[in-house]
Amino acid sequence: ETGVTQSPTHLIKTRGQQVTLRCSSQSGHNTVSWYQQALGQGPQFIFQYYREEENGRGNFPPRFSGLQFPNYSSELNVNALELDDSALYLCASSPYLGRTQETQYFGPGTRLLVL
Amino acid sequence: TQLLEQSPQFLSIQEGENLTVYCNSSSVFSSLQWYRQEPGEGPVLLVTVVTGGEVKKLKRLTFQFGDARKDSSLHITAAQPGDTGLYLCAGASSGGSYIPTFGRGTSLIVHP
Chain X
49 ETGVTQSPTH
59 LIKTRGQQVT
69 LRCSSQSGHN
79 TVSWYQQALG
89 QGPQFIFQYY
99 REEENGRGNF
109 PPRFSGLQFP
119 NYSSELNVNA
129 LELDDSALYL
139 CASSPYLGRT
149 QETQYFGPGT
159 RLLVL
Chain W
282 TQLLEQSPQF
292 LSIQEGENLT
302 VYCNSSSVFS
312 SLQWYRQEPG
322 EGPVLLVTVV
332 TGGEVKKLKR
342 LTFQFGDARK
352 DSSLHITAAQ
362 PGDTGLYLCA
372 GASSGGSYIP
382 TFGRGTSLIV
392 HP
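Residue numbers (the numbering used here), protein chains in the order written: chain X, 49 to 163; chain W, 282 to 393.
It is possible that part of the hints are untrue.
[Claimed, not checked] Which stretches of chain X does chain W cover? Using the computed rule of at least three CB atoms under 8 Å from a CB of chain W, they are:
id: 1; stretch: 85-93
id: 2; stretch: 96-110
id: 3; stretch: 154-162
[What the hints assert, rightly or not] With beta-carbon atoms standing in for the labels, derived distance ranges:
id: 4; chain 1: X; residue 1: N107; chain 2: W; residue 2: V309; range: 41 to 51 Å
id: 5; chain 1: W; residue 1: S311; chain 2: X; residue 2: P143; range: 37 to 47 Å
id: 6; chain 1: W; residue 1: G297; chain 2: X; residue 2: L115; range: 42 to 52 Å
id: 7; chain 1: W; residue 1: V325; chain 2: X; residue 2: L59; range: 19 to 29 Å
id: 8; chain 1: X; residue 1: N78; chain 2: W; residue 2: S311; range: 17 to 27 Å
id: 9; chain 1: W; residue 1: A359; chain 2: X; residue 2: Q65; range: 29 to 39 Å
id: 10; chain 1: W; residue 1: Q361; chain 2: X; residue 2: Q65; range: 39 to 49 Å
[Said to hold, decoys possible] Listing some non-contacts, in silico: residues in chain W with all C-beta distances to chain X over 10 Å:
id: 11; residue: S288
id: 12; residue: S293
id: 13; residue: Q295
id: 14; residue: G297
id: 15; residue: S307
id: 16; residue: E322
id: 17; residue: P324
id: 18; residue: L339
id: 19; residue: D348
id: 20; residue: A349
id: 21; residue: G366
id: 22; residue: A371
Derived by calculation from the structure, the hints in this document are not laboratory data.
Just so it is clear, CB atoms sit at the ideal spot from N, CA and C, and this is done for glycine as well.
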């Protein structure tokens, strides 16, 4: 069973650029959630995808967008990068969470630095 | 906005010592989870508690959910260097999509 993988592992961008981060969910999982973890902070929920539809969103501006594909892999896109977007971006997959508590399995994250 | 406050923020102890870390909120949660995160990795789930007053044990780790489901504690007995890491609590409310709120974490270092 393959765990959650993310790519790239590290990325350096400049202000105003756009970035796409990728996540492959664990086999059998149809729900993917994305989190932003700034240095010294806990993860903050960005959004969640279930069967290719957005299933919940945290307090992030519209320049943060996402996609989920038929194989349940996912992308996080961030437009017009700002310095404060520098963080570790975590992807977590799980069976459908919905209203029932399920275990999320996190990937190792993508560390983004915006200069 | 639900907030989870974790304390202490940092903890540096010797191998064999006991410790307790806390997770507090003014909000009621339907479930609360504890994770451990090591450098360069994502968080790994340790436990989920859902019932007020619930106590769960995982080897040397004891987790308690407050009676009012607003707070939780994690107690580690006889800490070992392998316990070093960032301990995060995350709470979620019932209804709608599962959107957890994470605390800032307690960074634990256990010296041999």
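Structure-based check of all given hints:
1. 85-93: holds (count 6)
2. 96-110: holds (count 5)
3. 154-162: holds (count 4)
4. N107(X) <-> V309(W): 41 to 51 Å: violated, 20 Å
5. S311(W) <-> P143(X): 37 to 47 Å: Violated - the Cβ-Cβ distance for S311(W) and P143(X), about 18 Å, lies outside 37 to 47 Å.
6. G297(W) <-> L115(X): 42 to 52 Å: holds, 49 Å
7. V325(W) <-> L59(X): 19 to 29 Å: Cβ of V325(W) to Cβ of L59(X): about 24 Å, so the range 19 to 29 Å holds.
8. N78(X) <-> S311(W): 17 to 27 Å: About 22 Å separates the Cβ atoms of N78(X) and S311(W), which means 17 to 27 Å holds.
9. A359(W) <-> Q65(X): 29 to 39 Å: At 49 Å between Cβs, range violated.
10. Q361(W) <-> Q65(X): 39 to 49 Å: With a Cβ separation near 44 Å, Q361(W) and Q65(X) satisfy 39 to 49 Å, so the hint holds.
11. S288: About 13 Å separates S288(W) from the closest Cβ of chain X, which puts it past 10 Å; holds.
12. S293: The assertion about S293(W) holds, with a minimum of 16 Å to chain X.
13. Q295: Non-interface label stands for Q295(W): nearest chain X Cβ at 24 Å, farther than 10 Å.
14. G297: holds, 28 Å
15. S307: holds, 17 Å
16. E322: violated, 5 Å
17. P324: violated, 5 Å
18. L339: holds, 14 Å
19. D348: At roughly 19 Å from the nearest Cβ of chain X, D348(W) sits farther out than 10 Å, so the non-interface label holds.
20. A349: holds, 19 Å
21. G366: Non-interface label stands for G366(W): nearest chain X Cβ at 13 Å, farther than 10 Å.
22. A371: Nearest chain X Cβ is 8 Å from A371(W), so the label is violated.
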